[in-house]
Amino acid sequence: MLKSEIPEDQIETIGPILNPLLARLRAQAETLPPQADSALVYLLGATEHEDGR
Amino acid sequence: MTILEAGQALRSRRVSCLELTDHCLDQIAKLNPRLNAFITVTEESARAHAQALDRELANGRDRGPLHGIPIAHKDLISTKDVRTTSGSKLFRDHVPTVDAPIVEKLTAAGAVMLGKTGLHELAYGVTSDNPHFGTIRNPRAPSRTPGGSSGGSGVAVATGMAFLATGTDTGGSIRIPASFCGVVGLKPTYGLVNRSGIQPLGLSLDHIGPLTRTVADAGVALAAMLDNAARLRPAPGSCQYIRIGLPENFYFTHIVSEVRDAVQKAAQTAERFGVRVTQVKVPDIDALNDVGRIILLAEASALYQPYFSRREDFGADVLALLDQGRLVPATDYINAQRIRKMLVSEFCALFSTIDCLLTPTTPTTAPLIGQKQVELDGEMVDTRLATTRLVRGVNVLGFPALSMPCGQSAEGLPIGVQMIARPFEEHLLLVLGEALELELSRTTRPS
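Line order of the protein sequences matches chains A and B. If you read the first sequence in my numbering, its first letter stands for residue 61, the second for the next number, and so on. If you read the second sequence in my numbering, its first letter stands for residue 198, the second for the next number, and so on.
None of these hints come from the bench; they were simulated from the model. One or more of the hints may lead you astray.
Computed list of lysine to aspartate or glutamate pairs in EDC-like fashion (alpha-carbon distance at most 16 Å, straight line) [stated by the list, open to error]:
#: 1; chain 1: B; residue 1: 277; chain 2: B; residue 2: 259
#: 2; chain 1: B; residue 1: 569; chain 2: B; residue 2: 514
#: 3; chain 1: B; residue 1: 538; chain 2: A; residue 2: 97
#: 4; chain 1: B; residue 1: 538; chain 2: A; residue 2: 90
#: 5; chain 1: B; residue 1: 277; chain 2: B; residue 2: 241
#: 6; chain 1: B; residue 1: 286; chain 2: B; residue 2: 326
Given the structure is predicted, the values throughout are model-derived calculations rather than measurements.
Extracted from the complex, chain B is given alone in its bound form (with noise of 0.2 Å):
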């Protein structure tokens, strides 16, 4: 079911807010302790909370398509008296005294909070496996990754224990989830959505935004989540003004040809209804990426300066990024900042031609856990660069980014295709996601 499905479900009184709490409350005692995708189970304020607004419907009140919804914090997001860990021994304790304002936000648009999401370590990786509060599962296929660093909230979602998840993604920890996890994750343009009160990792780089089951469920979370709508641009008249590039060079080599194959067949079924795709030569994601790399391991490691004398309070990978990080030079960091502006011209003049670009979320379906590296035309290449190496570019640009199912494996994992567009056109990728995932659900059933 999906939030839109609840919601009329609500209104016709075929079910109550509890019932949808208690159901997805089940889901978790039944699930959670294969998956792990909670670290923090709020039961007994979410059933008291969806019973309140039970009493608010029947009173006439309605607070909008999330009344009643139940929803998961990813766990580096404060709430107030409910333990927000970052996924870290650091923060093992830590209980805010506030909400972050996009869970004010959220609260006040009805939502009902189930608890906290796991994560990788301080957000800081892809695997989710953590080595503070235990590996989270891919519910497709246990003995895989469901991707990170929001991966309790991809599992969350993929499995019914929430019907939306809050995510951050600082290199692609929304859209990787999403695409291993067979879910759909909206990274919107740098800056729209409050984040304030959240853990940071990367500051001009981290992004916040939800992780659902369906593209027009993503676009009722990101209403919700919003301080100023108005800075969002209008949704096109209809899919036929919309010119979709799909790049010639880079995004469709080192890719396993099951995803090659999946996503440019979600280009072409773009076409069937109308869309224009067009080849398009994109500029060096390389050197983006390099941008993105040193960027994050400056950032992080300026962030978690004061914690350094604690080393045996961090997991090994971690660690070992912020002793990268503390070893380059401002010079190149700043360098870094030049070279970011350089290619974020390069991608507005790219994006005078086209609306949207087309490409796979990951190379990759889901690795297996502990997996070092992967196999990639013929190539042994590292786990974390290969599966960063097609979204991580996206939080140098700012741009928005939305990854949706478009097929799956021989193996039964799912495909994510991603689709980029232009600095607050977060209402195109939307409306575009929407009429790709109505056309794909015909001959292809994602989650």
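Same shape as in the complex, but just chain A (with noise of 0.2 Å):
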């Protein structure tokens, strides 16, 4: 793994934001079947006139 580059008094105060965050959305995914897909499937029907510009 890389050396992470965020400072360590910065990470100290992530934590409190992003842990129950992310608690939540765990909590949300152990409820999902399997075989659910990401939308990111569906998506990319959306932006097939990106042109790459």
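Make one complex out of these two single chains by using the hints.
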């Protein structure tokens, strides 16, 4: 793993914000059926006109 | 004056394109030093372009409803030979060599670009309090935020500095300034408007759309922005066929009473002109918002990874979010995209019984500049999370949403109502919005 470039004091402030968010998401994810697909698959069709610029 | 009224005045020779442009430039000269809506004003090229468009009209060439209409572009949309900063120190001197397709299309439709509007740094925030280009102020109350990230666009349209301004919306960034500034903001269906040449933030959440003074003007703007209008579903024949769902959960809790009352009054007003309004239970919006936050944190940090060594070039709030995003595991990002698909299915099921969901746009009117928390139902809530609470989820769904004024607070601050429809049903939102705007104007003058 690459060494984190985020200063320690910043990491301490991130935990109380990010950890509860990740915990809620993981609780939701546990309810997903194994075959549940990703939204990214269907979003691809919406960007068909991207011309790379 | 609206775009449609200006068009009539142009075609009856009561005003010229140059006079419209000069009027807007005068407004910018008068108000921008105080409100800071524009980062760059392209006065010389705007006047030259307006004169060329006057000559075209005189010679019988009419490009349509945007011919000669002065507009502004959010300063993360590429404009050839005009600096495009994205509100960031990283791109302070960036001068694109080509126009973004949306700029090409609006220019081809006859719009006159007046300049580039300010924004929250990298469009990653809702206050437009920018550490590199200054604080943008709400025209109704300059001690208050105009919202963001498209704050300069909201201010420009609200004050008559421009008839139309482009915006981007990744978690509410068109609809929030529309709500706080008292203008109309349309976030089209995901992917409907070409986002090439526009600085991204959240690749699967970014949307492009207009801010205007009226709903009809938003329709004119959207028509000019589209690559393929055939993707849109036809407008309903009459408002009487539209079924509005009024949420009985989530959207009317944790909001200030003035906002709740104004939006419920808007629903009652819609009923008066024949729309059917029913109470509905909406799927889990808290989960939808969590999914949206995880996806945006990860996608924004992935985009800005090449710049992480330049920590001093980011404002504190944006840097904090980028650091948070770097600590989101890939597994959680992927699961957020899986939950997203499930929630989209739940909303599609809800929309089999209604055509439109009617909600407040923001739970409060514009907070004070620098205000860290707002009080909602006796509880202090982080201003950014409160302000995005009712709009962020729509970006996760990718559905179109329109915000329009529906009243004002006792302090005279605008209140916005949000209408959400099925994908590609922008015409339904515009028909409903126009009817509501007309009916509300009989009792309220929002702008």
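Consistency of the hints with the structure:
1. Annotation: proposed proximity of residue 277/B to residue 259/B is violated, straight-line Cα distance about 24 Å (limit 16 Å).
2. Between residue 569/B and residue 514/B, the direct Cα distance comes to roughly 11 Å. Compliance with the 16 Å bound is thereby established for this hinted pair.
3. Using a Cα cut-off of 16 Å, the hinted pair residue 538/B and residue 97/A holds, with the two alpha carbons roughly 7 Å apart.
4. Using a Cα cut-off of 16 Å, the hinted pair residue 538/B and residue 90/A holds, with the two alpha carbons roughly 15 Å apart.
5. Taking the CA atoms of residue 277/B and residue 241/B, the gap is near 15 Å; set against the 16 Å cutoff, the hint holds.
6. Distance check on the hinted pair: residue 286/B and residue 326/B sit about 14 Å apart at the alpha-carbon level, within 16 Å; holds.
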